[in-house]
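Chains as they are written, first to last, in my numbering: chain E, 2 to 112; chain H, 3 to 114.
Fair warning: there could be bad hints in the mix.
Stated by the list, open to error - Stretch-level coverage of chain E by chain H, calculated; a stretch enters the list once three of its residues show a Cβ under 8 Å from a Cβ in chain H:
1) 18-27
2) 40-50
3) 99-112
Stated by the list, open to error - For lysine-lysine, the following DSSO-like pairs were computed, each having C-alpha atoms within a straight-line distance of at most 30 Å:
4) E/Lys72 with H/Lys44
5) H/Lys106 with E/Lys58
6) H/Lys60 with E/Lys58
To be verified - If you want a taste of the chain H side facing chain E, the calculated C-beta under 10 Å gives, among others:
7) Ala31
8) Tyr34
9) Tyr38
10) Lys44
11) Arg53
12) Gln83
13) Ser87
14) Val89
15) Phe91
16) Ala93
17) Gly95
18) Tyr97
What the hints contain is simulated information worked out from the structure, not anything from laboratory work.
Only a predicted model underlies this, so the values are computations on that prediction, with no experimental measurement involved.
Glycine included, every Cβ here is placed at the ideal spot set by N, Cα and C.
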Amino acid sequence: DTGVSQDPRHKITKRGQNVTFRCDPISEHNRLYWYRQTLGQGPEFLTYFQNEAQLEKSRLLSDRFSAERPKGSFSTLEIQRTEQGDSAMYLCASSSDYEQYFGPGTRLTVT
Amino acid sequence: GENVEQHPSTLSVQEGDSAVIKCTYSDSASNYFPWYKQELGKRPQLIIDIRSNVGEKKDQRIAVTLNKTAKHFSLHITETQPEDSAVYFCAAGYYGNNRLAFGKGNQVVVIP
């Protein structure tokens, strides 16, 4: 499968715990995006990387969120001290030009 | 920032009929308008997109039209089939900004 992959697909955690998600983009894509989607809503932009550089962050991305793309390939999104409001689907997308292709997402449930 | 609105929120059509979903956007700098289809529990799938230098684009049974003056764009699905049932999201962005602003989605139900 040469599409965008994400791991894990589901994560259940207790409030206050830290979680980390991984995204592997399409191999030739130098741009990588993180979005968050809640039930009944469209994806909301969180952050964007071009190669290893994080070029843009949304105001939605509080200090508890951090994202990295250390070698310009895969990316990780970490949420520290999770809150119930963090429960959502976290989607990763990649592109080489305009078109963004999404991964299957990681569904986070904070109990 | 960019604000994208979709209408209607739910659309039911008889199989074989056409479906039209409209979106409006607020930022006149936006020049890229994709449409995504999302089936329950699956990833958003890019189905068609249009850039601001054209007014219409067609791909088999789906087409997208863009009116930059009025700041709206529409998705047209002809000869609808049950497998077209899904949530459709429109989005807007511009090259160099890279973030896409999505609408809230339209639930399309094709009745056999």
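Inset, instruction - Taking the numbered hints from earlier one at a time, note which ones the structure violates and give those numbers from smallest to largest. - result: 1, 6, 7, 12, 13
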